[in-house]
Amino acid sequence: MNRSLAISGTLHAVILLWGLIAFAAHPTEAPRTEGLDVSVVSDSQFSQLTAGVKNAPKPIENARPLADKIGDRKPVKELAPKVVDKPEIRTDSAPPPTPKQEAKSQPKAAEKSEPKPEPKPEPKPAEKVEQPKAEPKPTETAEKPKDKPKPDQVAEELKKDEAKKPPKPEKKPHEFKPDQIAEALKKDEVKKQRQTQKFDADQVAALLDHREPQRQIASSDTLNSVASLGTPSGSAAHLSQSEIDAFRARLNAIWRPPPSTQDHPDQYLMTVHIRLGRDHRLIGRPEIQGGGAGPLFDATRESIMRALSQGQPYDMLSLTTYEVWKDMDIDFNPKDAFGG
Amino acid sequence: MVDRSKVFLTAPAEGGGVGIKPGNLDLRSRWSARRFTQGLSRRDALILGGGAAAGFAIAASPTGAVTITVEGNAQPMPIAIPDFLGGTPADSETARGVSQIITNNLKRCGLFAPIDPAAFLEKITNADAVPRFADWRTINAQALAIGRVTRQPDGRLKAEFRLWDVTAGQQLAGQQYFTTPDNWRRIAHIISDAIYERLTGEKGYFDSRIVFVDETGPAERRIKRLAIMDQDGANVHYLTRGDEIVLTPRFSPSTQEITYMAYGAGDPRVYLLNIETGQREIVGNFPGMSFAPRFSPDGQRVIMSLQEGSNANIFVMDLRSKAMTRLTESPAIDTAPSYSPDGARICFESDRGGRQQIYIMAASGGPAQRISFGDGSYSTPVWSPRGDYIAFTRQAGGKFAIGVMKPDGSGERVLTEGFHNEGPTFAPNGRVIMFFRDPGGSGGPSLYTVDIGGRNELREPTPSFASDPAWSPLLS
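Just so you know, the protein sequences line up as chains Z and Y, in that order.
Under this note's numbering, the first sequence is numbered contiguously, ending at residue 1331.
Under this note's numbering, the second sequence is numbered contiguously, ending at residue 525.
What the hints contain is simulated information worked out from the structure, not anything from laboratory work.
Keep in mind it's a predicted model, so treat the numbers as computed, not measured.
From the three backbone atoms N, C-alpha and C, an ideal C-beta is built for every residue, glycine too.
Fair warning: there could be bad hints in the mix.
As the list claims (entries may be wrong) - Have a look at the derived ranges for each label pair, beta carbon to beta carbon:
#: 1; chain 1: Y; residue 1: GLU171; chain 2: Z; residue 2: ARG1276; range: 24 to 30 angstroms
#: 2; chain 1: Z; residue 1: ARG1276; chain 2: Y; residue 2: LYS172; range: 49 to 55 angstroms
#: 3; chain 1: Y; residue 1: THR374; chain 2: Z; residue 2: ARG1276; range: 54 to 60 angstroms
#: 4; chain 1: Y; residue 1: GLY460; chain 2: Z; residue 2: SER1233; range: 33 to 39 angstroms
#: 5; chain 1: Y; residue 1: ALA445; chain 2: Z; residue 2: LEU1007; range: 51 to 57 angstroms
#: 6; chain 1: Z; residue 1: ARG1276; chain 2: Y; residue 2: THR174; range: 49 to 55 angstroms
#: 7; chain 1: Z; residue 1: ARG1276; chain 2: Y; residue 2: ALA183; range: 16 to 22 angstroms
#: 8; chain 1: Y; residue 1: PRO380; chain 2: Z; residue 2: VAL1031; range: 45 to 51 angstroms
#: 9; chain 1: Z; residue 1: PHE1014; chain 2: Y; residue 2: ALA445; range: 31 to 37 angstroms
#: 10; chain 1: Z; residue 1: SER1233; chain 2: Y; residue 2: ARG200; range: 57 to 63 angstroms
Claimed, not checked - Taking lysine-lysine and the BS3-like style, the derived pairs with C-alpha atoms no more than 27 angstroms apart in a straight line are:
#: 11; chain 1: Y; residue 1: LYS455; chain 2: Y; residue 2: LYS252
#: 12; chain 1: Y; residue 1: LYS252; chain 2: Z; residue 2: LYS1326
#: 13; chain 1: Z; residue 1: LYS1326; chain 2: Y; residue 2: LYS156
Given these sequences and hints, build the entire structure.
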């Protein structure tokens, strides 16, 4: 009795202890979310902003192609030859280097006179084939260019034929083979399954069209279900929210409007046009618009000039968006400076 | 007195300093043209910006430029005030005192943040040279005040100062003053006002004084004396001996006179006191008690309450003709009248509607309009010298609050609230209110200041307990 009590007690204690540790209150680590400033803009203003992306919910900065499934990464084909291919250029005096490699036993001296060098076009296909993406046939890689100059050799002839077969290596019909096989296999399986299925009237689902979708699904290394609207063509770059926020925050932090502007803040709302250089500094004198005459207006203008001057350099604005921020209109509105 | 022969100090020539009145701020004419051409679309952009009150708007403006709204902040402006230089070694103590008073004034007003002199990089050795602005920008100073105090051969003191805009690198103000040596504190206050005015665009209030009731002794046998001091608590002088109770002193706006209520053996009476000669006289000769006096803005009349049985009504007396005019006639207690700065209207408190509330009527009397409708009772209204607000004491829920409202009764806001706050009085520029606060218990009342936004509440230094403050107009 005592023993079982002890065991029970110990176990309970262990569970309690474990619970204390396991369920110990962790400090809530709610991620800090920054409020997003929202401004209401009209259609025309918005279209001006987005320059052609009217229908997009927001300007798409990195437009990506639609991708339905994740596929193998395929290297990009180079459509133009690399400049590096120099060594393959042959001259009459120097025999092409290829024969040496392929048919070392054969005398080249006799052929020297004969060769029909076609130096320019050949490097291209060679290059393309060489690239690792194209699941290359090992035979093609080095031999193609070499084949043509020596038509007389039997071995070479054979290879030539092979090389001719794929006249445009870009096609790469062979690449799809494994996939196609897999597809075919799958289709067979599906067919088999379908055949084996017994018809059941209750299974309405079975009546549905089970054919494989005909559409070729696009694949990419990442999934992207959103069809791109393309990049805006009108203005190349957009000021990012954070850039503007940082710019505004700097001015907000250093602009100290005279306190009396509080009494009639509307009168002291001033718009300043500034121009910025690529060094993130003011070009010329900011042009202040608004306000009237009098010491308080003067003091307000001076406070704005001080803030604009003191805030330099505005290095939170990135040079890639220079075209956007080189000219800015800034409204200096003291209404909320004193928190009401 | 301070010789007001202000000489405008132009900026020193070296260093390309710019004088105070270059046309560089005179952008108005240029602007108006552009403004008209862009008027409408500009307006749209502004509306757009205004719509994002708490945030900002980014939009394409008519010029194709990005538009951003900046709201600024109420942080005090960093200002550097190096010790003023002494023209001779003997003057350096006074010079240092002047700069310290300026520093203290600007700091207490809450709009400036004087920078600790330990941070200064440049040691000012010549008050006429252009300072090295880069050194002052490094320590984030936005303004720099440099000055010099020199004793003249005739014994007078010459004080001069220049105010520099560090960011723009140009002189904002430069003046010099002459005075007798014992007036050196006033020089400091005048310079403080000049700096304040130049940087905020409105008049200062440093060259002013406070009259108040000084209270000493135990609570049951409190001695109350009329006292006067500078706005910063210095130069305290006692105006009465303390053998009678004094209340509600008020400054004359134009002369060196104070009106107040006092009672010793007899009825409470309203007195006039010349603070320079010490002469005092009773205002009028009435059968009952008279109280709550206040000068009219032109200083020619005193408005006050006269007891009539169990009621009190408001009268005004012309100080020259001694003619008395009745302004209210109600079966209630009408008291605490205060003129609007233009002298056209009067605000006062009355319990004609039951509880005490604030009413406004024409300066000639006639029908009054109630403007206070909040909870509790409202008393001691006082009109701001700027005319934009009426300050009051509000009693509600067992607490006394000091607040302001616009003369039409709108925009009421409480600046401070507590066990007992009472008796607001405006600084000459209408931006600061002084009042007295009694914490209760065995202690006594003290004077406090708060700005009309409810910020920067500070205790006013007084030698002992103090109540019933009244702020003078600017002395100069």
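Here's how the hints hold up against the structure:
no. : hint                                         : result
1   : GLU171(Y) <-> ARG1276(Z): 24 to 30 angstroms : holds (26 angstroms)
2   : ARG1276(Z) <-> LYS172(Y): 49 to 55 angstroms : violated (32 angstroms)
3   : THR374(Y) <-> ARG1276(Z): 54 to 60 angstroms : holds (58 angstroms)
4   : GLY460(Y) <-> SER1233(Z): 33 to 39 angstroms : holds (38 angstroms)
5   : ALA445(Y) <-> LEU1007(Z): 51 to 57 angstroms : holds (54 angstroms)
6   : ARG1276(Z) <-> THR174(Y): 49 to 55 angstroms : violated (32 angstroms)
7   : ARG1276(Z) <-> ALA183(Y): 16 to 22 angstroms : holds (20 angstroms)
8   : PRO380(Y) <-> VAL1031(Z): 45 to 51 angstroms : violated (57 angstroms)
9   : PHE1014(Z) <-> ALA445(Y): 31 to 37 angstroms : violated (49 angstroms)
10  : SER1233(Z) <-> ARG200(Y): 57 to 63 angstroms : holds (59 angstroms)
11  : LYS455(Y) <-> LYS252(Y)                      : holds (21 angstroms)
12  : LYS252(Y) <-> LYS1326(Z)                     : holds (21 angstroms)
13  : LYS1326(Z) <-> LYS156(Y)                     : holds (24 angstroms)
Checked against the numbered hints above, the structure breaks hints 2, 6, 8, 9 and satisfies the rest.
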